[in-house]
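Input sequences plus hints: build the corresponding full structure.
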Amino acid sequence: MKKAVSMVLALVLMLSLCAAASAAGKLVVTSENMVVVESYSYYYAYVFAEVTNKGDKPVQYNACLMEVLDENGEVLGNRDYGNCYPKYLNPGETGYLVVYDSTDDKSVVPADYTLTVTGKSASENPIKRLPATVQVIDVPRGYGNYVDKVAVITVTNDTDLAVLDYTVVYIARDTEGNIICVTDGYTGNSGILPGGSILNKLDLRYESTLEAADKAGIEYTIEAIAFINE
Numbered sequence: 066m067k068k069a070v071s072m073v074l075a076l077v078l079m080l081s082l083c084a085a086a087s088a089a090g091k092l093v094v095t096s097e098n099m100v101v102v103e104s105y106s107y108y109y110a111y112v113f114a115e116v117t118n119k120g121d122k123p124v125q126y127n128a129c130l131m132e133v134l135d136e137n138g139e140v141l142g143n144r145d146y147g148n149c150y151p152k153y154l155n156p157g158e159t160g161y162l163v164v165y166d167s168t169d170d171k172s173v174v175p176a177d178y179t180l181t182v183t184g185k186s187a188s189e190n191p192i193k194r195l196p197a198t199v200q201v202i203d204v205p206r207g208y209g210n211y212v213d214k215v216a217v218i219t220v221t222n223d224t225d226l227a228v229l230d231y232t233v234v235y236i237a238r239d240t241e242g243n244i245i246c247v248t249d250g251y252t253g254n255s256g257i258l259p260g261g262s263i264l265n266k267l268d269l270r271y272e273s274t275l276e277a278a279d280k281a282g283i284e285y286t287i288e289a290i291a292f293i294n295e
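If you're matching positions, the sequence shown starts at 66 in the numbering used here and goes up one per residue.
Be aware that one or more of the hints could be misleading.
What the hints assert, rightly or not - Below, in silico cross-link-like pairs of lysine-lysine (BS3-like), each with a Cα-Cα straight-line distance of 25 Å or less:
{"id": "1", "residue 1": "K280", "residue 2": "K193"}
{"id": "2", "residue 1": "K119", "residue 2": "K152"}
{"id": "3", "residue 1": "K280", "residue 2": "K266"}
{"id": "4", "residue 1": "K280", "residue 2": "K214"}
{"id": "5", "residue 1": "K152", "residue 2": "K185"}
{"id": "6", "residue 1": "K152", "residue 2": "K193"}
{"id": "7", "residue 1": "K193", "residue 2": "K119"}
{"id": "8", "residue 1": "K193", "residue 2": "K214"}
{"id": "9", "residue 1": "K152", "residue 2": "K91"}
{"id": "10", "residue 1": "K152", "residue 2": "K122"}
{"id": "11", "residue 1": "K185", "residue 2": "K119"}
{"id": "12", "residue 1": "K214", "residue 2": "K266"}
{"id": "13", "residue 1": "K91", "residue 2": "K171"}
{"id": "14", "residue 1": "K122", "residue 2": "K193"}
{"id": "15", "residue 1": "K185", "residue 2": "K91"}
{"id": "16", "residue 1": "K214", "residue 2": "K91"}
{"id": "17", "residue 1": "K122", "residue 2": "K185"}
{"id": "18", "residue 1": "K152", "residue 2": "K280"}
{"id": "19", "residue 1": "K193", "residue 2": "K171"}
Calculated from the structure, these hints are not laboratory results.
Listed below in structure tokens is the structure:
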């Protein structure tokens, strides 16, 4: 009888430990892509990634390591710093990471990369996401027959307080779903009253990876997210 009771207690303890181990955030790269842009005497290798919290608790982006490789697998450079938008994710939520490095040897073209992303436990998620929609419009420059492609995001404040500090992020994907740009937009000197909305714009011609896509005839779509740090 004592032996049976001991076995039951051991099983309960094991299940408790398993439950405790699973009750954590888990940051997983669910999509990634590299875009190489030639600029004067450099190559810029941009790596974009979609990261998702596959755990059952909030998680915080911690760090990343990206290595740029040539066609033979030799390391051309590395970078251990990237921007993740947002840095905190609830279970099931997705964020977007961008990290880049440059090489000054124009005789070697970056051909591949490695990417490692780590997260760390977060007791809570201080990020509040705001409703956001985006559309791409053509805007005349005001001289000649030039037309610029501009992404306009509409952000709505669905809280009871005025929002004075918020972030908007634009994500571009090609027709196959590969991420080819992740960038934040300027929101300084603007706020949103409760229940109100505001427009922000991004001039796509100043994003090097999108400029390269336009020159190569690559079609893409723009999506956006907006959030505040509570």
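A quick look at each hint next to the structure:
Only pairs whose Cα atoms come within 25 Å are accepted, and K280 paired with K193 is rejected, the gap being roughly 37 Å. Distance hint between K119 and K152 is fulfilled; the C-alpha atoms sit about 15 Å from each other, no more than 25 Å. Taking the CA atoms of K280 and K266, the gap is near 22 Å; set against the 25 Å cutoff, the hint holds. Only pairs whose Cα atoms come within 25 Å are accepted, and K280 paired with K214 is accepted, the gap being roughly 13 Å.
Proposed proximity of K152 and K185 is supported: the alpha carbons are some 10 Å apart, at most 25 Å. Proximity of K152 to K193 is assessed by CA-CA distance (about 12 Å); at most 25 Å being required, the pair is judged to hold. For the hint pairing K193 with K119, the CA-to-CA distance comes to about 19 Å; that is within 25 Å, so the pair holds. Taken as a hint, the K193 and K214 pair is broken in the structure, with Cα atoms around 29 Å apart against an allowance of 25 Å.
Only pairs whose Cα atoms come within 25 Å are accepted, and K152 paired with K91 is accepted, the gap being roughly 13 Å. The suggested pairing of K152 with K122 holds, with an alpha-carbon distance near 14 Å, which does not exceed 25 Å. This hinted pair checks out: K185 and K119 have alpha carbons roughly 13 Å apart, not beyond 25 Å. Annotation: proposed proximity of K214 to K266 holds, straight-line Cα distance about 10 Å (limit 25 Å).
Simply put, K91 and K171 have alpha-carbon atoms about 39 Å apart, too far for the 25 Å limit, and the pair is violated. For the suggested pair K122 and K193, the alpha carbons sit about 16 Å apart, so the restraint of at most 25 Å is met. In summary, the hint linking K185 to K91 is supported, as the alpha carbons are separated by about 8 Å, within the 25 Å threshold. Using a Cα cut-off of 25 Å, the hinted pair K214 and K91 is violated, with the two alpha carbons roughly 37 Å apart.
Proposed proximity of K122 and K185 is supported: the alpha carbons are some 11 Å apart, at most 25 Å. For the hint linking K152 to K280, the alpha-carbon distance of about 32 Å lies beyond 25 Å, and the restraint is violated. A distance of roughly 44 Å separates the Cα atoms of K193 and K171; the hinted pair therefore is violated under the 25 Å criterion.
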